[in-house]
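Trainee: If you want the building blocks of each chain, they are given just below.
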Amino acid sequence: MKKQTIHVTINGTEYTKTIEPRLLLSDFLRHELGLTGTHVGCEHGVCGACTILFDGEPVRSCLMFAVQTDGHTLQTVEGLGTPDKLHPLQEAFHEAHGLQCGFCTPGVLMTLIPFLEKNSDPTETEIREAISGNLCRCTGYQHIVDAVKIAAHKNTDTN
Amino acid sequence: MKPAPFEYIAPQSLAEALDVMDQYGYDAKLLAGGQSLIPVMNFRLAQPAVIVDLNGVSELARLSANGDGGLHIGAMVRHSQLEHSPTVAAKAPLVAETMPHVAHPQIRNRGTIGGSLAHADPAAELPAIMVALQARFRLQRMGGERWVHAVDFYQALFTTALEPEEILVEIVVPPLPAHTGYAFHEVARRHGDFAQAGAAALVTLDKRGVCREARLVYLNVGNIPVQTQEAAAALVGATPTPDLIKAAAQTAAQKEIDPAGDIHASADYKRHLAAVLGQRALQQAVTRAKESWAS
Ligand SMILES: Cc1cc2nc3c(=O)[nH]c(=O)nc-3n(C[C@H](O)[C@H](O)[C@H](O)COP(=O)(O)OP(=O)(O)OC[C@H]3O[C@@H](n4cnc5c(N)ncnc54)[C@H](O)[C@@H]3O)c2cc1C
Ligand code: FES
Ligand code: FES
Chain A
1 MKKQTIHVTI
11 NGTEYTKTIE
21 PRLLLSDFLR
31 HELGLTGTHV
41 GCEHGVCGAC
51 TILFDGEPVR
61 SCLMFAVQTD
71 GHTLQTVEGL
81 GTPDKLHPLQ
91 EAFHEAHGLQ
101 CGFCTPGVLM
111 TLIPFLEKNS
121 DPTETEIREA
131 ISGNLCRCTG
141 YQHIVDAVKI
151 AAHKNTDTN
Chain B
1 MKPAPFEYIA
11 PQSLAEALDV
21 MDQYGYDAKL
31 LAGGQSLIPV
41 MNFRLAQPAV
51 IVDLNGVSEL
61 ARLSANGDGG
71 LHIGAMVRHS
81 QLEHSPTVAA
91 KAPLVAETMP
101 HVAHPQIRNR
111 GTIGGSLAHA
121 DPAAELPAIM
131 VALQARFRLQ
141 RMGGERWVHA
151 VDFYQALFTT
161 ALEPEEILVE
171 IVVPPLPAHT
181 GYAFHEVARR
191 HGDFAQAGAA
201 ALVTLDKRGV
211 CREARLVYLN
221 VGNIPVQTQE
231 AAAALVGATP
241 TPDLIKAAAQ
251 TAAQKEIDPA
261 GDIHASADYK
271 RHLAAVLGQR
281 ALQQAVTRAK
291 ESWAS
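Top to bottom, those sequences are chains A and B.
Position 83 of the first sequence, counted from 1, bears residue number 83 in our numbering, the numbering being contiguous throughout.
Position 107 of the second sequence, counted from 1, bears residue number 107 in our numbering, the numbering being contiguous throughout.
Don't take each hint at face value.
[Claimed, not checked] In silico lysine-lysine, BS3-like type, Cα no more than 27 Å apart, as pairs: (1) B/Lys-246 with B/Lys-290; (2) B/Lys-246 with B/Lys-207; (3) B/Lys-29 with A/Lys-3; (4) B/Lys-2 with A/Lys-2; (5) B/Lys-255 with A/Lys-17; (6) A/Lys-149 with A/Lys-118; (7) A/Lys-17 with A/Lys-3; (8) A/Lys-2 with B/Lys-29; (9) A/Lys-2 with A/Lys-17; (10) A/Lys-17 with B/Lys-290; (11) A/Lys-3 with A/Lys-85; (12) A/Lys-3 with B/Lys-246; (13) A/Lys-118 with A/Lys-85; (14) B/Lys-290 with B/Lys-207; (15) A/Lys-85 with A/Lys-2; (16) A/Lys-118 with A/Lys-154; (17) B/Lys-29 with B/Lys-2.
It should be emphasised that the hints constitute simulated quantities derived from the structure, not laboratory data.
Model, not experiment: these values are computed from the prediction.
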C-alpha cells in the first residue's frame, strides 16, 4: 500500500515520518519512535493503557491511525517528568503508592492531566468517573484516587 | 501490523467525500471517530479496501440551534461535545443527560454521533435516544439527499437504511412539546460499559396533570431500539400515578420486547431490567413535567 508522509509534534519535538496508513498510532509511538512509555494492553479501546493526549485531549492511541496525526500535537508520558524531576502528578503517585506494576500508569496519568486542569478540586466520585476508562489490575484504584487528591491539593496550594 | 492494508483517503470537504464514496462505495468504509471501526479492523473482522477519513470535513462538525427551534447536529460532532455543549443542554437535555453513559471520557473525545448512529449497536444509547426524540437523519450521496426518521433508519442488527455510497451528514432533533419531562436510565456492569438494558422516557402533561403524550424507548432488549406502543398508550389521557406507571412498564417488559440473553444478562433478567428501568424513566419524566408547570 502507498506510504504517506506525516509531520507531527510529540512532546515538543517535530517528527517527519513516512508510514503505512494501517499503522496504529500506538505502534507508531512504540516501534517507530521508541516511545515505549505508551503501553498497549487490549488494542480495542477497553483497557486505557495506551491513552495519550491528542491536541490536549486524552484519546486511545490504539484506536487511531498514525496518518491521522499529520499536523497535530501529541503528548505522551515521556513528556511529563524525568526520573530526576517528576511531574507533580507523578510525585503524588509515588507518595500515595498509586501504582504497583505500573502497566496502567502512563494511561492513567495522561487521562488525569487534562482532568485536573479542568477540575482543580474534584470529588472522589468525579475522580472515579475520570479513571473509569482505565483498567488497573494491581491497586484496587483506592491509591490512585488518593494520589489524585494529593495532586489536586498540591495544585491549589501553589496557586 | 494488526489491520489489513487499505488505501487512505482524507477528503477536506463534503463534496469531495461524496465523490470518493460514489467512486468506491461498497469497498470503502467511512472513518469517523474510529472507536467502533478500528477495534473490528484490529481484529481483522473488517478489512475495508479503502478508508475515507471524515475528520477533515469541517462542514460535518457543526452544531447549532436553528430558527425552527430544532437542534441541528453534524454527523462528526463528538460525544464529548454533546456532553458539554450548553446548546445541547438547553435544546435537548435528554441527550446531554445520556452522554456520560456513553463509553469513557477518552472514547467520547473521539466517538461521533454519526458513527454511533450508523454503527447501530443494539446496546448503544444514541440510537434509542434519537428514536425517542423523533429525530430525522439527512443522508446524502453524490447528487442527492433524503431524510429518514430515526425509527425507520434502524432495520435489523447492525443494519440501517444507509446505502454503501451514502453519508449520514446531519441529525435534526425537533423541539419537544411544552411541559414535557424526560429521563434516561440504564444498568451497566461498570460505569461507561455498554448497558445491559436502558430506557428513555418522554412525558407531556397538561396543567391538570393529565398525560397528553408519552414515549418509552428501550435499548439492548432487541436487535434495534424498541419503541413501545401499548405501554405508552396506557398513559395517554390518564393521570400517571405511580401504580399506572408501574403497570405500563410491566406491559412493556412482558409484551413489547423480545430480548435475547447474552453472557452478561439472561433474557429473563433483561425483562426484569426493562420493567424496573421503564418505571424509573417514566416516573422521573412525569416528575419533571409536573415541575415544569410549577416553575
Ligand atoms: C471501550 C469502548 C466502550 C464503548 N462503550 C460504549 C457505550 O457504552 N455506548 C455506546 O453507545 N457506545 C460505546 N462505544 C462506542 C463509541 O460510542 C463509538 O464512538 C461509536 O459507536 C462509533 O462512533 P465513531 O465515531 O467512533 O464511529 P466509527 O468507529 O468511525 O464508525 C462506525 C461505523 O459507522 C460508519 N460511519 C461513521 N460515520 C458515518 C457517517 N457519517 N455516515 C455513514 N456511516 C458512518 C463507519 O463506516 C463504521 O462502519 C464504546 C467504544 C469503546 C471502544
Ligand atoms: S491498548 Fe488501547 S485501550 Fe487497551
Ligand atoms: S499498577 Fe499494575 S495495572 Fe495498575
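Trainee: Please go over all the hints and tell whether each is borne out by the structure.
Mentor: Quick rundown of the hints versus the structure:
Our distance criterion of 27 Å between C-alpha atoms is met by B/Lys-246 and B/Lys-290, whose separation comes to about 18 Å. The straight-line distance between the Cα atoms of B/Lys-246 and B/Lys-207 is roughly 22 Å, inside the 27 Å bound, and the hint therefore holds. At roughly 19 Å between alpha-carbon atoms, B/Lys-29 and A/Lys-3 fall within 27 Å of each other, so this suggested pair holds. At roughly 17 Å between alpha-carbon atoms, B/Lys-2 and A/Lys-2 fall within 27 Å of each other, so this suggested pair holds.
Of the supplied pair hints, the one linking B/Lys-255 and A/Lys-17 is violated, its CA atoms being roughly 59 Å apart against a limit of 27 Å. Our distance criterion of 27 Å between C-alpha atoms is met by A/Lys-149 and A/Lys-118, whose separation comes to about 14 Å. Distance check on the hinted pair: A/Lys-17 and A/Lys-3 sit about 10 Å apart at the alpha-carbon level, within 27 Å; holds. This hinted pair checks out: A/Lys-2 and B/Lys-29 have alpha carbons roughly 18 Å apart, not beyond 27 Å.
Using a Cα cut-off of 27 Å, the hinted pair A/Lys-2 and A/Lys-17 holds, with the two alpha carbons roughly 14 Å apart. For the proposed pair A/Lys-17 and B/Lys-290, the alpha carbon gap of about 60 Å is over 27 Å, so the pair is violated. For the hint linking A/Lys-3 to A/Lys-85, the alpha-carbon distance of about 39 Å lies beyond 27 Å, and the restraint is violated. At roughly 60 Å between alpha-carbon atoms, A/Lys-3 and B/Lys-246 are farther apart than 27 Å, so this suggested pair is violated.
Of the supplied pair hints, the one linking A/Lys-118 and A/Lys-85 holds, its CA atoms being roughly 24 Å apart against a limit of 27 Å. As the CA atoms of B/Lys-290 and B/Lys-207 are separated by approximately 8 Å, the hinted pair is consistent with the 27 Å bound. For the hint pairing A/Lys-85 with A/Lys-2, the CA-to-CA distance comes to about 42 Å; that exceeds 27 Å, so the pair is violated. Straight-line distance between C-alpha atoms of A/Lys-118 and A/Lys-154 comes to about 15 Å, which keeps the hinted pair within the 27 Å bound.
Distance check on the hinted pair: B/Lys-29 and B/Lys-2 sit about 17 Å apart at the alpha-carbon level, within 27 Å; holds.
When each numbered hint is compared with the structure, violations occur for hints 5, 10, 11, 12 and 15.
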